[in-house]
Amino acid sequence: MALARVPLAAFTRYRSIHVQNLAQSAISSATFGAANSLLLPVGIPWLLGRPDLVLPMLAGAFFAMLLDAYLLYRMFDSRVFPATGAWPPGVAAAEAIKAGDEGGRKAVLMGVGFGTGILVSFVKIPLAWIGFAGSAAVSGIPMSAFGVAFIGNIWALLMFGIGLLLRGYSGQLFGGPLFETIIPKGDLMAAYIPHGFMIGAGLVALLQVALLLFRRAEPTKPGEVGAGVSDAEVKRALGLGTVGYLVIAVFIALVGGLMSDMSIGMLILFVLYAAFAAYVHELIVGLAAMHSGWFPAFAVALITLIIGMLIGFPMPALALLVGFSAATGPAFADMGYDLKAGYLLRGNGADPAFEREGRRQQLFAAMFAFVIAGAVVLFSYQSFFDQNLVAPVNKVYAATIKAGVAPGVAWQLFLWAIPGAILQFIGGPKRQIGVLFATGLLINFPMAGWAVLAGILCRVIWEKLRGASGEGDMEVFAAGVIAGDAIFSFFDSVSKNFWKR
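Following my numbering, the numbering of the sequence shown begins with 302 at its first residue and continues without gaps.
Between beta-carbon pairs, the in silico distance windows are:
#1 S561 <-> G648: 52 to 62 Å
#2 L766 <-> G648: 25 to 35 Å
#3 G705 <-> K797: 26 to 36 Å
#4 A434 <-> S564: 46 to 56 Å
Pairs of lysine to aspartate or glutamate, EDC-like flavour, derived with a Cα cap of 16 Å:
#5 K407 <-> D774
#6 K399 <-> D774
#7 K425 <-> D793
#8 K407 <-> E772
If you are wondering where the hints come from, they were derived from the structure by calculation, not from laboratory data. Ideal placement from N, C-alpha and C gives every residue a C-beta, glycine not left out.
Construct the complete structure from the given sequences, taking the supplied hints into account.
Structure follows, in structure tokens:
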């Protein structure tokens, strides 16, 4: 966007918002792919002392990432993943590009949001101020969570915020003798409550997707634009995903040498479970990402791991299983964000042929970026791991595998899956409140909960004062807030690593 302002012929093409969208798609895919889909999964076998499994894991994660992104491309603008869905980071990217192109009032609003996102991100709140008496720790304010509250599905975000607060304050709320037998020391994670909720909500969400696809679509109302992707196309995409994940699971099992660690029966069970888990994982992550802009990829992968441990898979199989599961989801969510940005920039699907071609070009840009990301990780992972630079969640996975599963976990998961399923059923497929509530329970970040609820309150006030006419301005401001938070987070992380050295 900056180069487009340089008065040289070589940079003239950068003035096109569609070229900027392709650049944004490539950058987004490369970073999501390298960090979330590739570098994180390969760190798991490394921490478990199995460097021989790193390359098999990298290969499996790479293929899963490509399939993940392609499946979302095939299903975007369907009844399951509608283009009219929230996809908050996609809205933020599109509004940033529009503001840079159009200038004027939109640029001013974007600038105000951007400045707010950066300035407030500098603020550190002592945890003692928000109910953690005696704590000397401080917490930043996640302005992305605040901004997302202006764009996402309000019911889904409300349940997400409540889940975040319940998890954050579980010690204070459930630490008394009344809950001692159900929630020891008030620790929801130790009682496997978030895991159970997500299992129940996730399975009902999967059933709701199936019912949606096999139920006849309602006739399109006059003046209403129908979905661009038919249910039949979605079914074909899901069928391709089933076959694809089965093939990748077989590939991982073979190149990972699991045949020497398991019987034929257990090997078949591993392949079927790994493929099913990856399949469910991407749908849950995609639904959460669409409605809230947050995706619980690594928390859901932990659930996959725990169930795998209950089944009785050996350590090498568990390492590959959780890595495979963690690799699915991030690319799926990221492709949704990118296609949403493109959809808005191309006029909300007003020209179907232009929209289809634009999506195809975005897919090419993303796939090219994923290949580059794979090469970068292949040649750089060793230097990262030699410096003990692994994703923190990898240590959780490794510690869980080493510790084993305590007695009674299966019963706890089943018990808490029931309210998760009921909540998801009540909310229905359009709100996804069960999945989002479980997502909040899985994340220990109470300040994010307050940020989400504060954002929802501001959103309600804004809508009351401005009405429907103010919705566009609200989204532009929110996009600026999200962008400001992203810029702050990037430079804050880079500067901290620089000063460490």
